[in-house]
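Trainee: So the sequence lines, in the order shown, correspond to chains A and B.
Per my numbering, the very first residue in the first sequence carries number 1; after that it's consecutive.
Per my numbering, the very first residue in the second sequence carries number 1001; after that it's consecutive.
These are computed hints drawn from the structure, not numbers from a lab.
As the structure is a prediction and not an experimental result, all values here were calculated from the model.
Ideal placement from N, C-alpha and C gives every residue a C-beta, glycine not left out.
There may be inaccurate statements among the hints.
[As the list claims (entries may be wrong)] Among chain A residues calculated to face chain B with C-beta under 7 angstroms, some are:
1) ILE78
2) ASN101
3) TRP105
4) LEU114
5) LEU118
6) ILE146
7) PRO157
8) LEU164
Next come the chains, spelled out residue by residue.
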Amino acid sequence: MGGSHLALVHGLNVAQQIAFFALAGAMVLSALRMVTTKNLVHAALYLTVVLAGAAGLYILLAAEFIAVTQVLVYIGAIVVLMLFGLFLTRAPLGTGQDLDNNQRWLAAIIALFLFGVLGVTLQKGFKGTHVNAIPITDGGSNTAAIGVSIFHDFVVPFEVASILLLAALVGAVVIARRD
Amino acid sequence: MSIDGTYYLVLSALLFTIGAVGVLVRRNVLVMFMCVELMLNAVNLTFITFSRMLNDIGGQSVVFFVLVVAAAEVVVGLGIIVAIYRRRVGATADDLHVLKG
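Just chain B, same shape as in the assembly:
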């Protein structure tokens, strides 16, 4: 009576959905950023689950690269956010429509 692999997959689908709702609903840029991290984690969980289901180590290697990319993304993203906030204090995502045509 081992655990069914779909439990892990449905859990990660749920976490991904919660993260997507956060990105759609929240207005603070940093919280949107956290929700993106949540979605990345949900995808990582599916990768590891598939790695165990299919008995293939490649899924875990891919998660390693996702971690690298996520770290780089956070560094550059936070740099941009801090640079924006230096010009305009208390800006939300709705206020940042400089690129709007």
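The following block holds chain A by itself, in its conformation from the complex:
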């Protein structure tokens, strides 16, 4: 019994590794294409790939509620809003020449510095901490735990978020109104 359980955990972890590297490769490639592509609609579609990959990683990390919310909010709402924005602003859909500014080398230096600092800090601080395929907590689902957490520990931020959404709603109506 125990041996078969260990074999199951081992298989799950190997599958998790394969899925992680496939998703990570797709996400990094799509992010690079999003930043470099000439076509703005393609940029939005590459962003969709990155967001879907992030949802897959959330499932790998056993955060299924966040994964579903990611698909609903980001892919379902935000990307569609972005595409609407592209169409409403009559953005150049063909091959535009002036899509980048002339600060490429400065940006490359900053990127190298940023990635160096972030990568070294995270590597040094958290090396050797493992993420298992099976959650350590048992009893009650992840979604139930998030609900308890939001309505116990994060009640005040939750109310603030509702006021923020109301303010965004009113603000968007005021900005978009023809005067």
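Knowing the structure of chain A, use the given hints to seat chain B on it.
Mentor: Here is chain B on its own, set in the frame of chain A:
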């Protein structure tokens, strides 16, 4: 042989850097907006990873709030961008220096 948590963290650092480069380099306001979303996603990934590493559900709750704020930000930001483009067609981020002193 479970996966090392730093893989997730380094991946999110890479995505954050790519998003930052996009914000610095691109001239179209909407693509800069998409790059900001990419950076937000990278940070969300670190939150979820830490939530699993430290076995604390609070990280996932914070991601929920980040999603709410990102949605509000996109709505207001797109409203502003569309309002700007209604006045001046084909404007890039470099042309919008009205507030320059």
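Trainee: With reference to the structure, classify each hint as holding or not holding.
Mentor: Evaluation of the provided hints:
Checking ILE78(A) against chain B by beta carbon gives a least distance of about 5 angstroms; that is within 7 angstroms, so the hint holds. Hint status for ASN101(A) relative to chain B: holds, with the closest Cβ pair at about 5 angstroms, below 7 angstroms. Interface restraint check: TRP105(A) against chain B, minimum CB-CB distance 10 angstroms, threshold 7 angstroms, status violated. A least Cβ separation of about 5 angstroms between LEU114(A) and chain B falls short of the 7 angstroms threshold, and the interface hint therefore holds.
A cut of 7 angstroms between beta carbons decides the hint on LEU118(A): the least distance to chain B is about 4 angstroms, and the hint holds. Restraint check, ILE146(A) versus chain B: the minimum CB separation of about 5 angstroms is within 7 angstroms; hint holds. Annotation: PRO157(A) was flagged as interfacial toward chain B, and the flag holds, the nearest CB pair being 6 angstroms apart, inside 7 angstroms. Among the interface hints, the one on LEU164(A) holds; its C-beta lies about 6 angstroms from the nearest C-beta in chain B, closer than the 7 angstroms criterion.
Of the hints listed earlier, the one the structure fails to meet is number 3.
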